[in-house]
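S.K.: These are the residues of each chain, in order.
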Amino acid sequence: MVVLAEESRPAYDRVALSSYVGEASEDDLALADDGFHADSLVELHLDDPAVAVDRDRRVVTTRKGRSVAYDELVLATGSVPFVPPVPGRDLDGVFVYRTLDDLDGLREAAEQATVGAGAGRRSGVVVGGGLLGLEAANALRRLGLSPHVVEMAPRLMPVQVDEPGGALLARLVSELGLRIHTGVSTSSIARDHRGGLTVTLSDGLELDASVVVFSAGIRPADGLAREVGLEVGERGGVLVDERCRTADEHVWAIGEVAAVRGRTYGLVAPGYAMAEVVAGRLAGDDAEGRFTEADMSTKLKLLGVDVASFGDAHASTPGALEVRLDDPVAGTYSKLVVSDDAQTLLGGVLVGDAANYETLRGFLGEKLPGDPMSLIAPAGDGAVGVGIDALPDGAQICSCNAVTKGALVHAITSGEAATVPQLKACTRAGTTCGSCVPTLGKVLASCGVEVSKALCEHFSQSRAELYEIVMATGLTTFSDILTEYGTGRGCDVCKPAVASMLATLAGGHVLDGEQATLQDTNDHFLANMQRNGTYSVVPRLPGGEVTGDGLIAIGEVARDFGLYTKITGGQRIDMFGARLDDLPAIWRRLVDAGFESGHAYGKALRTVKSCVGTDWCRYGVQDSVGLAVALELRYRGLRSPHKLKSGVSGCARECAEARSKDFGIIATETGWNLYVGGNGGFTPRHAELLASDLDTATLVRTIDRFLMFYVRTADRLQRTAPWIESLDGGIEHLHAVVMEDSLGICASLDAQMARHVRSYADEWAAVLDDDDKLARFTSFVNAPGTPDPTIEFVDHHGHRVPAGMKDGQPTDLGALGFDTSVPIAGPTIPVGAPA
Amino acid sequence: MTAQADVRLHPAGTTAGAEAKDPRPDPGVPTTPEPADGWTPICPLERLQRERGVGALVGGEPVAVFRTHDDALYALHNVDPFSGASVLSRGIVGDLAGTPVVASPLFKQHFALDTGTAVEDPTVTVATYPVRVVDGTVEVGGA
Numbered sequence: 001m002v003v004l005a006e007e008s009r010p011a012y013d014r015v016a017l018s019s020y021v022g023e024a025s026e027d028d029l030a031l032a033d034d035g036f037h038a039d040s041l042v043e044l045h046l047d048d049p050a051v052a053v054d055r056d057r058r059v060v061t062t063r064k065g066r067s068v069a070y071d072e073l074v075l076a077t078g079s080v081p082f083v084p085p086v087p088g089r090d091l092d093g094v095f096v097y098r099t100l101d102d103l104d105g106l107r108e109a110a111e112q113a114t115v116g117a118g119a120g121r122r123s124g125v126v127v128g129g130g131l132l133g134l135e136a137a138n139a140l141r142r143l144g145l146s147p148h149v150v151e152m153a154p155r156l157m158p159v160q161v162d163e164p165g166g167a168l169l170a171r172l173v174s175e176l177g178l179r180i181h182t183g184v185s186t187s188s189i190a191r192d193h194r195g196g197l198t199v200t201l202s203d204g205l206e207l208d209a210s211v212v213v214f215s216a217g218i219r220p221a222d223g224l225a226r227e228v229g230l231e232v233g234e235r236g237g238v239l240v241d242e243r244c245r246t247a248d249e250h251v252w253a254i255g256e257v258a259a260v261r262g263r264t265y266g267l268v269a270p271g272y273a274m275a276e277v278v279a280g281r282l283a284g285d286d287a288e289g290r291f292t293e294a295d296m297s298t299k300l301k302l303l304g305v306d307v308a309s310f311g312d313a314h315a316s317t318p319g320a321l322e323v324r325l326d327d328p329v330a331g332t333y334s335k336l337v338v339s340d341d342a343q344t345l346l347g348g349v350l351v352g353d354a355a356n357y358e359t360l361r362g363f364l365g366e367k368l369p370g371d372p373m374s375l376i377a378p379a380g381d382g383a384v385g386v387g388i389d390a391l392p393d394g395a396q397i398c399s400c401n402a403v404t405k406g407a408l409v410h411a412i413t414s415g416e417a418a419t420v421p422q423l424k425a426c427t428r429a430g431t432t433c434g435s436c437v438p439t440l441g442k443v444l445a446s447c448g449v450e451v452s453k454a455l456c457e458h459f460s461q462s463r464a465e466l467y468e469i470v471m472a473t474g475l476t477t478f479s480d481i482l483t484e485y486g487t488g489r490g491c492d493v494c495k496p497a498v499a500s501m502l503a504t505l506a507g508g509h510v511l512d513g514e515q516a517t518l519q520d521t522n523d524h525f526l527a528n529m530q531r532n533g534t535y536s537v538v539p540r541l542p543g544g545e546v547t548g549d550g551l552i553a554i555g556e557v558a559r560d561f562g563l564y565t566k567i568t569g570g571q572r573i574d575m576f577g578a579r580l581d582d583l584p585a586i587w588r589r590l591v592d593a594g595f596e597s598g599h600a601y602g603k604a605l606r607t608v609k610s611c612v613g614t615d616w617c618r619y620g621v622q623d624s625v626g627l628a629v630a631l632e633l634r635y636r637g638l639r640s641p642h643k644l645k646s647g648v649s650g651c652a653r654e655c656a657e658a659r660s661k662d663f664g665i666i667a668t669e670t671g672w673n674l675y676v677g678g679n680g681g682f683t684p685r686h687a688e689l690l691a692s693d694l695d696t697a698t699l700v701r702t703i704d705r706f707l708m709f710y711v712r713t714a715d716r717l718q719r720t721a722p723w724i725e726s727l728d729g730g731i732e733h734l735h736a737v738v739m740e741d742s743l744g745i746c747a748s749l750d751a752q753m754a755r756h757v758r759s760y761a762d763e764w765a766a767v768l769d770d771d772d773k774l775a776r777f778t779s780f781v782n783a784p785g786t787p788d789p790t791i792e793f794v795d796h797h798g799h800r801v802p803a804g805m806k807d808g809q810p811t812d813l814g815a816l817g818f819d820t821s822v823p824i825a826g827p828t829i830p831v832g833a834p835a
Numbered sequence: 001m002t003a004q005a006d007v008r009l010h011p012a013g014t015t016a017g018a019e020a021k022d023p024r025p026d027p028g029v030p031t032t033p034e035p036a037d038g039w040t041p042i043c044p045l046e047r048l049q050r051e052r053g054v055g056a057l058v059g060g061e062p063v064a065v066f067r068t069h070d071d072a073l074y075a076l077h078n079v080d081p082f083s084g085a086s087v088l089s090r091g092i093v094g095d096l097a098g099t100p101v102v103a104s105p106l107f108k109q110h111f112a113l114d115t116g117t118a119v120e121d122p123t124v125t126v127a128t129y130p131v132r133v134v135d136g137t138v139e140v141g142g143a
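So the protein lines, in turn, are chains A and B.
In this text, residue positions in the first sequence follow this note's numbering: the first is 1, and each later residue adds one.
In this text, residue positions in the second sequence follow this note's numbering: the first is 1, and each later residue adds one.
So that you can see chain A by itself, here it is in the shape it has in the complex:
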């Protein structure tokens, strides 16, 4: 099988294109897995599209001059963006929204626009207010621009929603900062005298813009087919029959380029369905497959605004009835289209809240279980709601990949899948747009699959449940909690978990009384154990600031105690190789020099990294160091389910890499944008925008609540990214909890954080004042002062490291061209010359 591709990258998920400006990388969007590329039967040629077809000889010629003979030819050239003939459409700064290259260009232009001198937010104009146009507007927003959306029709998303739905949608997205212009067209685009663009609308309005994005529809990329004499439909697209075959029996067309019996489809699900039909016929395992009808259902989530449309959304079926529920106060609009006897569901539109979308769509063409109004009425208002159990087996749960409820149930009952990730892997459900993932969990539950949330064998409760218990009962010792709510004696899972809760809820020193016995060795000795049993020491350097005197003090400690010293990724200094017995003397010196614990050993706030901000940087727009120092001092010592990292960048250049942190802050012209849920590590994640343009007080209050809500509800060792993912409703739910107090717990979260800030004390200073605690810092209780004979160090390119290399030998520097007869670095020895 030979695949000829015009783009320079292998196929990717265009549905998720907008996520590429957010957290997703190119790899995240890849469609085929590695097995596809390694398959010897598949030959992939990128950046080399077909330019001619000799149908008689059955040979394709590519742009690079390659000739490829075929038995069967499948045209899957997709479509091209339609750009209306507006004067100025070829100017720099005008984009379409189709490929990753388009988005790279858009991102670059947006970055240039947002970091330029001058006040005020930069704008972007999106031409087209359909599904893709709103996606593009959201992308511009994520790139830091204020988007205008220009739609010729009288409402947004005219294909999917009706008049009242469109009106509500316009109101909801306006509240998010989009400026909507409907019923007008774009007359011209011109370069203004400052190098920006001026977009003139048909009503005379002029909009200043840094970028313009056209998303005014698509046209089938049928040029090649026309050239070789294949018939095309009235509105374009290669004419095919229900088998997706053209008039030439060896030429097929699928996807957006295909006009099945004259009709083209611009959604992913029909494209996949056509691919299945042709694959079945060519591979011979389904010679009868036909593409007869397409699921044109759509669901979009634009920063918390749900829009869904399914079936006969515009009630074009003769006699169809419309049942509407328009609630401007709640900001929701629901419409069901039912048959004339009100028994069968034909379609619907949901705006503002599409929680019922998957379930309702499952009833498309089916008999309804009750009065239509009761299905869309708010819960608790006489609504019966629709459970998963009520859905027929044939109901499609994942429309992108055409996975039915029956297929999911089969995967579960046959033992193939017992978790949502397993279900995704074996059925492909939820792997394209992801909107049905919450429903997958419900299907699992309806099949009786229960995932144990027990903390360990000693506690049947989850960490969050146990936290609630400790908070409600006011119990302050592990023994009491275990006696009342657990069994056995505890272990290395539940003891540190409870110790962490007690640190937040009960306060006091983490090494007081019984608490000391609960701590992991790192917390027990307030240092990080390394592989040879020695410890590393990290003093806190808030915001990464350090004075010359501070550096000298640290340097002297490192020198006097023979410590290997390394700069960390979090803008701190880590000193390795400290013997247990030396820790108190090391910390005496550090505390006397004005340092305090950096909590590098704890599941706690580590660092708040920062760029230099307005103090020094010519581009900075806010005092990032000042904020970073304030945040680090505010949250230092806060124990949490996992480590917490933060960063503050003083402008959109993002030098502090704040979006790779659990909570990252990026300065804007008018305030701060708060991003949450980022991390490095095994599965790197970009943080997502939680709130934008906050003043400092609101920012701090929002972080307070975010952190305390995380401390209260996350699982043990769950970083913030998977925690947010696990919340029912994800980041929108989080936003509602911390910004709108949807759970009514903000006062309690605020009070808890206030108590933490008030009661903070340096853990190391407290140990140095406590002889009982100091006595624990000894390798041999019956031979204090005797060095541990098992600890040995060796010299490794001029540094002191533990003896006994792990997993093989040190890097062979000779092989890298260095003269290894001398250490390659050191204060007095020159760098070895390359060999």
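Please keep in mind that the hints were generated in silico from the structure rather than gathered at the bench.
Take the hints with a grain of salt, since some may be wrong.
The following residues of chain A were derived to be distant from chain B, with all beta-carbon distances above 12 Å [to be verified]:
1) Val3
2) Pro85
3) Arg98
4) Thr359
5) Gly569
6) Gly730
7) Glu732
8) Asp772
Just a few of them, taken from the derived set where beta-carbon distance is under 7 Å, the chain B residues facing chain A [stated by the list, open to error]:
9) Gly38
10) Ile42
11) Cys43
12) Glu46
13) Arg52
14) Gly55
15) Ala56
16) Leu57
17) Arg90
18) Ile92
19) Asp95
20) Pro105
21) Ala118
22) Val119
23) Thr123
These numbers come from a predicted model, not from an experiment.
Glycine included, every Cβ here is placed at the ideal spot set by N, Cα and C.
Position chain B relative to chain A; hints supplied.
M.R.: Chain B in isolation, oriented as in the chain A frame:
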């Protein structure tokens, strides 16, 4: 350095509850522990926190001495055979399915306090030592 695989069968788990309340002052310990009759003094019993361990030198070998919630005492060789580091005394003490264990602070394998057997890999064991309390002082024997 790696631990020996031989399990020494000694009466571990000596109950020391009565001595725990010994009011006498700390008799002090020599900086170089001297075995007497094959028993090495470790420390006063009250120096051992319940559900935690301490490190000690017994005949030149690093040994971890533990006191559990019921005032039972246990001693294991201190070297974690999975990492080679002398750290078992600094692990978290608890129980798994009723068996008292210590978790290695490095890679978290559990060792039964009474037999020294690794729960995750029963072919791996660390040496155990007998423990007793004499006049309020914890002593380890057998080294």
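S.K.: Hint by hint, say whether it matches the structure.
M.R.: Going through the hints against the structure:
Against chain B, the non-interface label of Val3(A) holds: every CB pair exceeds 12 Å, the least being about 46 Å. The claim that Pro85(A) lies off the interface holds: its Cβ sits roughly 67 Å from the closest Cβ of chain B, which is beyond the 12 Å cut-off. Every CB of chain B lies more than 12 Å from the CB of Arg98(A), the least distance being 50 Å, so the non-interface label holds. In this structure Thr359(A) is separated from chain B by more than 12 Å, as the shortest Cβ-Cβ distance comes to about 43 Å.
For Gly569(A), the non-interface assignment is confirmed: its Cβ lies about 22 Å from the closest Cβ of chain B, beyond the 12 Å cut-off. Interface exclusion of Gly730(A) from chain B stands, the closest Cβ pair being 31 Å apart, more than 12 Å. The non-interface label for Glu732(A) is consistent with chain B: the shortest C-beta to C-beta separation is roughly 37 Å, beyond 12 Å. The claim that Asp772(A) is not at the interface with chain B is violated, since a C-beta of that chain comes within 12 Å of its own (minimum 10 Å).
At its closest, the beta carbon of Gly38(B) sits 15 Å from a beta carbon of chain A; the interface hint therefore is violated under the 7 Å criterion. The interface hint given for Ile42(B) is met, as the beta carbon of that residue sits about 5 Å from the closest beta carbon of chain A, less than 7 Å. A hinted interface residue such as Cys43(B) counts as satisfied when its beta carbon comes closer than 7 Å to some beta carbon of chain A; here the least separation is about 5 Å, so the hint holds. Given hint, Glu46(B) at the interface with chain A, is violated; its Cβ is 11 Å from that chain's nearest Cβ, farther than 7 Å.
At about 4 Å, the closest approach between the beta carbon of Arg52(B) and any beta carbon in chain A falls short of 7 Å, and the interface hint on this residue holds. Interface hint at Gly55(B): satisfied, since its Cβ lies 5 Å from the closest Cβ of chain A, which is below the 7 Å cut-off. The restraint placing Ala56(B) at the interface with chain A holds, with a minimum CB-CB distance near 5 Å, inside the 7 Å limit. The closest approach between the C-beta of Leu57(B) and any C-beta of chain A is roughly 4 Å, which is under the 7 Å cut-off, so the hint is satisfied.
The closest approach between the C-beta of Arg90(B) and any C-beta of chain A is roughly 4 Å, which is under the 7 Å cut-off, so the hint is satisfied. A cut of 7 Å between beta carbons decides the hint on Ile92(B): the least distance to chain A is about 4 Å, and the hint holds. Given the 7 Å rule on beta carbons, the hint for Asp95(B) holds: about 4 Å separates it from the nearest Cβ of chain A. With 7 Å as the threshold, the beta carbon of Pro105(B) comes within range of chain A, its nearest partner Cβ sitting at about 4 Å, so the hint holds.
Interface hint status for Ala118(B): violated, as the beta-carbon distance to the closest one in chain A is roughly 14 Å, over 7 Å. Interface hint at Val119(B): violated, since its Cβ lies 11 Å from the closest Cβ of chain A, which is beyond the 7 Å cut-off. For Thr123(B), the shortest C-beta to C-beta distance to chain A is roughly 22 Å, which exceeds 7 Å, and the interface hint is violated.
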